[in-house]
Amino acid sequence: MSGSRMSRILIPLGVVLFATVGLLLLAGTKPWDPIRLVVEGSIGWPPFEEGTASKVGDTVMVWVPIALASAGLIVTFAAGMWNIGIEGQIIMGAIAASFVAREVTASRPILVALTILAGAIGGMLWGLLVGVLRTAGGVNEIFGGLGLDFVALSITTYLIIGPWSRAGQASTSGTDLFPEAALLPSLERSRLSPLGIAITLIAIVGVWILFRGTLYGLKLKAVGANRPSSFLMGIPTNRYLLGAFMICGALAGIAGTSQATGFHFKLIPAISGNYGFLAILVVLLARFRAFWVIPISFFFAMIAVGSSQLDLRLDVSSTLGGVLQGVLVLSAMFGLGWAAYRARRQAEAASGEGGG
Amino acid sequence: MSGFLTAFFDMFDTATIASIVAGASGLFFATMGETISEKAGVINLSVDGSMMLAALAGFVVAFQTGNVWLGFPAAAAVGIVVALTIAYGNIKLSLNQVAIGFVLFALCTELSRFLGSSYVGRQPVAVPAWDIPGLSSIPFFGRVLFSHNVIVYLSMTTVLLTYLFMYRTRAGLELQGIGERPEAAHSRGIAVNRLRYFYTALGGALIGMGGAAFSLDVKIGWSDRPTRNFGWIVLAIVIFGGWHPLRAAFGVLLFGALQAFALNLQPEFPSFSQVLPSIPFPAMILALVVVNWKTLLTWLDRYPFLRAILRSDPPTAIGTRFEVS
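Protein chains in written order, with the working numbering: chain L, 1297 to 1652; chain X, 86 to 410.
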């Protein structure tokens, strides 16, 4: 048993290490340099030294949206849904938060609360739309979600070059910066926002509790495991599916708020940063367990922030980070699959040749 | 409003229709590949990524060897490797097809960016034009169908062959069998999983060809993620096409027409110019709503002919594993 548990961790790690070193040699650098550069660029080297506050702040504020989106995705995955529309939900959250940040005048605490609320509602409604397309329209959530991703992206571009364009010139670089009072409160000279971290941790704990201690979570899992049976057991399956999409959408929407008011301080065309898709990888790697989301999404955030240095310093394409994330998830998936396959084979062999 | 109408009617001139057909080759290949794969019961969700990586492989091989034709087998090989990874993970290791497909989509996309970064903006190699002698001088049809290049003709032939194979041969019947009722197919002595490997690989090869058709013909050259989102459109068109090769081909042309329409609209609505090119994507999804709309389908049940045209029922065993018990 312990042997198989070891192999569960060692096989993926070995494959990742092998693939990383191979890729780096292929790219023509010493393997150690980029790894160190990624760490240095994201949390500093040696880690968390003084003077790295700004880098650490960036990494944490990339972690916030990835972790929030991942927490939401655990809910939709539990309901058996592939919420690829999460990108659109992040974007609509960011748009709704930007609307409040631009149009509402209030004192800072109220305005910040309003942007977060608006983001949650924006994402929630966009998520609900995917759910309605699925339950009432019969459109597979993958394609409904994807279509709504495109729509959300188009709306952002339209707003940025149209009604919300900067005074004087319309450019795709983004809107004007939001007023100070609308920004997510952060530490001095850093993007790091204690409020953002708190919300993210609450969301993750909340999702954990949902599936550990509530009837709603149990029923949601039943719907995900076997929809026809749950329906026959008297669970209103459609309502639960819609609920899952709304919870996920709301969390994704807050992630979008953080992107708009806590990272870019304005609305830009690529406001989601592809963190929704990244969160799907995180959740697959975390195997749908809430607390694993915290370290894994932080690791992914480190790669995302740190690899931007590769172009400048080592002449290695910064897309290497994305490749590594993909290799990591794929090898973990196949490593676990292989271990489970072997365990099954052994169990079959142990249960006797005659039975087969 | 008049601008809207002009843009609409401009789509119907011969040159525009010919350009829609010419631009459809990549999507023809890829939708046929995905249709075959899904008919056999295996969803290849990686299309958007594997098509991109195949497009890069095709471009690089053609660029390095100076021979454009060598790009296509290279691209097909990439498509096969990705497809077999999904088939192996699902059939042998009981992993979820959609999960592997999504991860492979992400990985292949990033790989294409990483490996292709030094090829951005390189001197492109393109498939040479070749009018079919005789046929190309037929009025209208000659221009629309027979004045392109070998790859476009091959893509149209692929559509026809896929249809004939699927619905007019015994092997095609078996292909449908392993996607609809694998248990029944198995009891008739058909090696379900071996055929699934084969058809997933065949589908992957066509998806790879689709990628090369983009980088060597439709959208010549290499840039960062040149075929971005077209793979997702392929997946949507397969559903829109009701897993039928000819209807899927119609979906491809419809998508091309929408693209041409959006392009024509650009000068009329300059303030929307950034938004218009992405309109065909959500429009395609809206089309899915229509073909899946329960009320409409119930109503259509009264009219078998219309129902046959509009229905979109997936292969029964799509996305599931088959195990000999």
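By construction, these hints were calculated from the structure, which means they are not laboratory data. Warning: the hint list may mix true and false statements.
Below, computed lysine-lysine pairings styled on DSS-like, alpha-carbon distance capped at 30 Å [stated by the list, open to error]:
#1 Lys1517/L - Lys177/X
#2 Lys1351/L - Lys1517/L
#3 Lys1326/L - Lys1351/L
#4 Lys304/X - Lys1515/L
Being a predicted model, the structure only gives us computed values, none of them experimental.
We went through each hint and held it up to the structure:
The suggested pairing of Lys1517/L with Lys177/X holds, with an alpha-carbon distance near 26 Å, which does not exceed 30 Å. Restraint check: the Cα-Cα separation between Lys1351/L and Lys1517/L comes to about 39 Å, which exceeds 30 Å; the hinted pair is violated. For a cut-off of 30 Å, the pair hint linking Lys1326/L to Lys1351/L stands: about 24 Å separates their Cα positions. Taking the CA atoms of Lys304/X and Lys1515/L, the gap is about 49 Å. The hint is violated against a cut of 30 Å.
Consistency with the previously given hints fails for numbers 2 and 4, ordered from lowest to highest.
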